[in-house]
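Put chain B on the given structure of chain A with help from the hints.
Protein chains: 2
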Amino acid sequence: MTIMLKYPIARRRSTICSTIVRVLFFIIVFSSPLFAADADRDLLNRANAVFGPLPASMPSPDNPITPEKVKLGNMLFWEPRISSDGVVSCVKCHPLGLFAADGLKKALGNHCKENPRNSPTIFNAAAQISAHWIGNRASVEDQAKQALIGPPSFGMPTYESVEKVLKSIPGYVVLFKAAFPNDQDPVTVDNVARAIGAFERTLMTPSSFDAFVKGKASALNEQQKRGLRTFMDTGCTACHAGAYLGGQMYQKFGLIQPYWNLTKSQPVDEGRFAVTKNEADKYVFKVPILRNVAGTPPYFHDGSVDKLEDAVMIMAKLQLARDLTKEQTADIAAFLGSLTGTIPESALSVPLLPPAE
Amino acid sequence: MTIMLKYPIARRRSTICSTIVRVLFFIIVFSSPLFAADADRDLLNRANAVFGPLPASMPSPDNPITPEKVKLGNMLFWEPRISSDGVVSCVKCHPLGLFAADGLKKALGNHCKENPRNSPTIFNAAAQISAHWIGNRASVEDQAKQALIGPPSFGMPTYESVEKVLKSIPGYVVLFKAAFPNDQDPVTVDNVARAIGAFERTLMTPSSFDAFVKGKASALNEQQKRGLRTFMDTGCTACHAGAYLGGQMYQKFGLIQPYWNLTKSQPVDEGRFAVTKNEADKYVFKVPILRNVAGTPPYFHDGSVDKLEDAVMIMAKLQLARDLTKEQTADIAAFLGSLTGTIPESALSVPLLPPAE
Chain A
506 MTIMLKYPIA RRRSTICSTI VRVLFFIIVF SSPLFAADAD RDLLNRANAV
556 FGPLPASMPS PDNPITPEKV KLGNMLFWEP RISSDGVVSC VKCHPLGLFA
606 ADGLKKALGN HCKENPRNSP TIFNAAAQIS AHWIGNRASV EDQAKQALIG
656 PPSFGMPTYE SVEKVLKSIP GYVVLFKAAF PNDQDPVTVD NVARAIGAFE
706 RTLMTPSSFD AFVKGKASAL NEQQKRGLRT FMDTGCTACH AGAYLGGQMY
756 QKFGLIQPYW NLTKSQPVDE GRFAVTKNEA DKYVFKVPIL RNVAGTPPYF
806 HDGSVDKLED AVMIMAKLQL ARDLTKEQTA DIAAFLGSLT GTIPESALSV
856 PLLPPAE
Chain B
506 MTIMLKYPIA RRRSTICSTI VRVLFFIIVF SSPLFAADAD RDLLNRANAV
556 FGPLPASMPS PDNPITPEKV KLGNMLFWEP RISSDGVVSC VKCHPLGLFA
606 ADGLKKALGN HCKENPRNSP TIFNAAAQIS AHWIGNRASV EDQAKQALIG
656 PPSFGMPTYE SVEKVLKSIP GYVVLFKAAF PNDQDPVTVD NVARAIGAFE
706 RTLMTPSSFD AFVKGKASAL NEQQKRGLRT FMDTGCTACH AGAYLGGQMY
756 QKFGLIQPYW NLTKSQPVDE GRFAVTKNEA DKYVFKVPIL RNVAGTPPYF
806 HDGSVDKLED AVMIMAKLQL ARDLTKEQTA DIAAFLGSLT GTIPESALSV
856 PLLPPAE
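Those protein sequence lines, which keep their order, are chains A and B. For any residue, its number in this note's numbering is found by taking its place in the first sequence, counting from 1, and adding 505. For any residue, its number in this note's numbering is found by taking its place in the second sequence, counting from 1, and adding 505.
The shape of chain A in the complex, shown without the other chains (with noise of 0.2 Å):
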């Protein structure tokens, strides 16, 4: 009995003091500042794969940037004058003091005419797939070429009238000259285009997540890092990956149930069914990007939800079928508040116009 119970206590001991040293040894390994590199640099490795760092500029090989072509499109960005009512400029539904997004559901245009969708931020936004929500604009130059007839956008009757405008104003006439040196015929539309895209086209907003992921650990917090992870495990990263954190492809809003269920949007939008025609293009967007998203509310394409914490809460669940826990929520908030970028120096510098003869 003696034997037979001293054999089992001494491997009962044995048991618990190897569960002891290993817990320590776990404790000691996983606590040390050793290991805090080492997931960080996991972390670190796998959001550089994702994502990669915001690039300097948003080239176009249709529509190369250049000073003058930058400089045109700067003040054309200012330019009320080629509005029906004189008062809509780009600048109307994005300044650019606020993230270049108006903080409107839906942007207001001459006239005070609802848009049908929220206006999305111009910043790191010309590389996406397409401008616009549905996919209606082929690119940033697209949309501002189109903006200048869209009834709710400048509303200007004819693309004729706008060109008059501008013509009649002899400062621009020099500036688009210059801006288009080979042109006969230089103040165009298109050429409105070109100038605006090539503004547009340069406006980065770097920020502390481009730290990290360029290799500065402690660029993010701790609650952001939780985030970061939270949000790629998640997969969030299906759809918003890239240095724009989306922008690269349509999805369909609420693949698990419909989205106005969450968003409680009132009227709903079929998406980009209005463009294609295509029974599966129904409630389907474009993906947007999430650059500075914490400082562009509200949220979705109608606006419809105000805070960021509960668009993070409803895309989970509406497209990943996932409840995040408050925490889990707050932690994606903190990490996407890392996107908040600084904007450029150019972008918060009033243009002066040059005046009406």
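It is worth saying that the hints were derived from the structure and are not from the lab. Don't take every hint at face value.
No copy labels: a pair is met if it fits in one copy or bridges any two.
Okay, derived cross-link-like pairs now, DSS-like style, lysine-lysine, Cα gap no bigger than 25 Å in a straight line [said to hold, decoys possible]: (1) Lys610 with Lys757; (2) Lys719 with Lys618; (3) Lys669 with Lys682; (4) Lys831 with Lys618.
Structure of chain B alone, referenced to chain A:
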């Protein structure tokens, strides 16, 4: 006969000679640089006595200018979240790249409601006897405050509703505290008004005319000098005097004949009568300042006239019963062009607005 004839001939010859000599003398003297300099000096002295150069700022004993107030005021000047449709900020009617005037006949406020009168520039504007065209705003501070609940401007329901919005934005709470350190509860509409007023009181636009008045004769070209002389000789300075060329008195618009005869104004605006109900104030308006006037069409309280030359011609006729020639009108317009000044850097940078929580 011979003698009889000779004497008069000799006398005639001597008279002719002396006339030639006199003419030559005048030609030589008056065309000499010395005389030109004298003429310039005379014009310069007159201009200095009548106008004087622009001061460095427009201080008010009621609202001392401090850097903290100016910083906050600059931000509030761009803030649309304190308007009933989320679109109106001071900048809407005073776009800084267009000399802080919107170029419309009558300003468009919240929900595109038309304001009763043309929006004046806010550059160099704070030292006038009052704000607005009919003297229904005591100062720029009073204007900024009343605009917040003005039905056609910001259109907020109450002052409290403005304060509520600002208090909900943590960044503003900090900024108000810094700007009004002695206030227990600094986020008030009166402090909004003081901050915006302090910002506006710094917005001076010195121009080539100021260089001239300070003694640099070459700062105006010959046409501008002729225009300045004609401006003074015609009597325009009866009202448009001082460093701001106006803004110091009320005056009947149409002293000689009803203003709408020439401006074709529709409807007729009774001006200051609306404020005082005094018959003598019918068609009386504040004399506007003329700083940057060439850059701020259209003209008059209702923006009824598009061209500066037309406005000059109409004013001479309506107020002074003077029919200016085309040349005189062009000269005065050229002189008025010398009042187009340099917009201060501080007015041309877009402030980042604090995010909502």
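Going down the list of hints, with the structure as the test:
Taking CA atoms no more than 25 Å apart as the test, lysine 610 paired with lysine 757 passes inside one copy only; the shortest distance there is 20 Å, against 46 Å between copies. In this homomeric assembly, lysine 719 and lysine 618 never come within 25 Å of each other (Cα to Cα): the closest approach is 44 Å inside a single copy and 50 Å across copies. Taking the shortest Cα distances, lysine 669 and lysine 682 sit within 25 Å of each other inside one copy (16 Å), while across copies they are farther apart (50 Å). For a Cα distance limit of 25 Å, the shortest separation of lysine 831 from lysine 618 qualifies neither inside one copy, at 38 Å, nor across copies, at 43 Å.
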